[in-house]
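**Q** Now for the letters of each chain:
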Amino acid sequence: MATFDKNDDSVVVIIGTGAGGGVLANELAQKGVKVVALEAGGRYLPEDFINDEWESFGQLAWLDARTTSGDWRVHKDFAGLPAWIVKAVGGTTTHWAGASIRFQDHEWKALTNYGAVAGANLHDWPIDGAEMAPWYDKAEAKLGVTRTGDRAGLPGNNNYKVFEKGAKALGYKEVHTGRMAINSSEYDDRMACQQTGFCFQGCKWGAKWSSAYTDIPRGEATGNLEVRDRAHVARILHSEAGKVTGVEYFDKDGNLQMQKARIVCVAGNSYESPRLLLNSASSMFPDGMANSSGMVGKNYMRHTTGSVYAVFDKPVKMWRGTTMAGIMQDESRHDPSRGFVGGYELETLSLGLPFMAAFLYPGGWGRSFTTALDSYENMAGLWIVGEDMPQETNRVTLSDAKDQHGLPVANVNFTDHPNDVAMRNHAYARGIAMYEAVGATRAFPTPPYPSTHNLGTNRMSADAKDGVVNKHGQSHDIANLFVSDGSQFTTGASENPTLTIVALAIRQADHIAREMSAQNI
Amino acid sequence: MTKDMRGLTRRALLSRAMAAGALAVTGAGFIAAPDAAWAVEVTAIKPEEMAALMQMARDIYPHDKVGDEYYAVAVKGYDSDDKKAMVAEGIAALHAAAQAQGHADYLAIGWEEDRVKVLQSMEATAFFQTVRAGLVTGLYNQKAVWPIFGYEGESYSKGGYINRGFDDINWL
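Chains as they are written, first to last, in numbering that gives the first Met the number 0: chain A, 0 to 520; chain B, 0 to 171.
There's no promise every hint is true.
No more than 30 Å apart at the CA atoms, straight line, and that leaves these computed lysine-lysine pairs for DSS-like [said to hold, decoys possible]: (1) Lys82(B) / Lys401(A); (2) Lys313(A) / Lys83(B); (3) Lys160(A) / Lys142(B); (4) Lys82(B) / Lys313(A); (5) Lys83(B) / Lys75(A); (6) Lys75(A) / Lys157(B); (7) Lys64(B) / Lys251(A); (8) Lys45(B) / Lys75(A); (9) Lys116(B) / Lys75(A); (10) Lys160(A) / Lys157(B); (11) Lys313(A) / Lys167(A); (12) Lys64(B) / Lys160(A).
Only some residues are given here: those of chain A computed to face chain B with a beta carbon under 8 Å [said to hold, decoys possible]: (13) Lys203; (14) Gly205; (15) Pro314.
Hints are computed from structural coordinates only; laboratory data are not their basis. Predicted, not measured: the structure shown is a model, and the values here were computed from it. Here a beta-carbon is modelled for each residue, glycine too, at the ideal position from N, C-alpha and C.
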């Protein structure tokens, strides 16, 4: 593994090592670009992962302070935990369930296709499906996505079989075991899925793709990538000319360090990335870095989610096998006759008993709640992933609260748009109907968990006044400052975001390397 | 986050436990099951307070197939010097709420439905919410209760379910 001098101003500094930062780091290193990746969390590999929900949560989850506000129920039930994401090398790619689906063509152009929606700040992405197709091809090959290329689908587990039968009983056609970054057979030096469950806790077999044990070590093996773990970036530094010059970070011992850089790429997920830009305010950039549009932190999206669990008169044992074991895509179309714009996917999901108790109905108690858990063994479950409306008032700002380093933490304000509510209610009703079609005796429309799909707080825009970054994730204001994670999403679409984050990172690496060669940055 | 198991015993000395009620306060810093199958020792709070806490825990998350010993483990953490004042105040408020609804005290109420009405009257209090929230992990994160719900926990050590029934549903 390479080691770079802190005064080496020729390196690209990447902040965060997940789907965006981890992939970007490897892709640049493979092209011969020198990279220092700074990761706030520690390094954990499959042998370290713990197949116990709370213990794993303590090991991997981002538990640094955050605050919340707004009407969302997460603010009431999990006020200090707005997101369920990971603080570790590999970021949330250790936790993700593996669903890897492309945006649909119409979703790249939400404003054009949906029309203006009152109260929403819809825009078209400055890129489209044709532009992204070759990058999606590369991303699917990197992740080994099932049902793409010549890769077979995964077998369906019990939870999927219930889901599939219910969906087909309702006439749904696009029902299958998903396009998953989980190997159905050995691929790219990773073994096949052993149907163990605990996908959310990190795959102990390495059958699920995570940058922690693929892109990161491969980037390191080039000699061009140095990963510094437990390095928490405090602020981005700039010159009098307004170019980024490096970063200050707290190392594992809490000492403030400085790393010079030719280029800085921010990939800390959609709370930490805008927080870092806002915390990097200076006399030249009093509203925060890259924020001439005022859009840093705004238009926070988290997908319209929710779950439906249902109990039957016989066992399902939904926890056996892959956590997200199948998908129904018929409702992901744009069809305003349903009472909302955009669409949603339904995907199977299971939680272990400890997390089911925490998330089935947060705050609930008494027989209504406990008789549901009494039937845990007979329970099936699904998760809703729908396009939510970007709203400027849903935003990340700096809180009055401080973290362990004395830095203002992110406050996350969120309130559903009426379109989000209408979509969620539609999805609840369809999910319940699916399970009732196969004999469910009781169903539970479960509220959204702390957010895993965090998007949009440094949005991409064609026009510099509408967003933070251009179509390459390059900030409109500062040429050598990039955003490389899901915070660059202009709109959220109805698909799990990781595949798109990875495709954008591969594409961004190409752009950065080309611009460096041309001496443009 | 499994709760501390110390303080739970199954000793024969508890044969002197009285047979009245679901739980017996033995008078020696213990409360025990009537059949002496288990007991919990308290050192900081009163045995009567532990008995009320356990009943409260069961009324908040009632599972008829889950024995009292698991509820005892779930609330055992309140038996500490730094929590005893909170417990004394909270249990006193619990009994007062019961009395306000015409009962002698909380533990004297025969029907769960009536105890739940008392709990509902104090649902907004910090004491109720602390106890309830603590039970979410204190009760359901005990590995010993998982089999009662059919939950199998980790399977990695057994090679996952690839050959052990991940798709064995037979009633669809």
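**Q** Give a verdict on every hint.
**A** Going down the list of hints, with the structure as the test:
1. Under the criterion of a C-alpha separation no larger than 30 Å, the hint pairing Lys82(B) with Lys401(A) is consistent with the structure, at around 28 Å.
2. Pair hint Lys313(A) plus Lys83(B) does not hold up; C-alpha atoms about 44 Å apart against a cutoff of 30 Å.
3. Note on Lys160(A) and Lys142(B): the hinted pairing holds, with a Cα-Cα distance of about 28 Å set against a maximum of 30 Å.
4. This hinted pair does not check out: Lys82(B) and Lys313(A) have alpha carbons roughly 43 Å apart, beyond 30 Å.
5. A C-alpha spacing of about 28 Å is found between Lys83(B) and Lys75(A), which places the hinted pair at or below 30 Å, so the restraint holds.
6. At roughly 39 Å between alpha-carbon atoms, Lys75(A) and Lys157(B) are farther apart than 30 Å, so this suggested pair is violated.
7. The straight-line distance between the Cα atoms of Lys64(B) and Lys251(A) is roughly 47 Å, outside the 30 Å bound, and the hint therefore fails.
8. For the hint pairing Lys45(B) with Lys75(A), the CA-to-CA distance comes to about 34 Å; that exceeds 30 Å, so the pair is violated.
9. Distance hint between Lys116(B) and Lys75(A) is fulfilled; the C-alpha atoms sit about 23 Å from each other, no more than 30 Å.
10. Distance restraint check for Lys160(A) and Lys157(B): the Cα-Cα separation of roughly 23 Å lies within the 30 Å cut-off, and the hinted pair is therefore satisfied.
11. A distance of roughly 20 Å separates the Cα atoms of Lys313(A) and Lys167(A); the hinted pair therefore holds under the 30 Å criterion.
12. The straight-line distance between the Cα atoms of Lys64(B) and Lys160(A) is roughly 29 Å, inside the 30 Å bound, and the hint therefore holds.
13. The beta carbon of Lys203(A) is positioned within 8 Å of a beta carbon in chain B (closest approach about 5 Å), and the interface hint is therefore held.
14. Checking Gly205(A) against chain B: minimum C-beta separation of about 12 Å lies over 8 Å; hint violated.
15. Residue-level restraint check for Pro314(A) holds (minimum Cβ-Cβ distance to chain B is 7 Å; threshold 8 Å).
Violated hints for the displayed structure, listed by number in ascending order: 2, 4, 6, 7, 8, 14.
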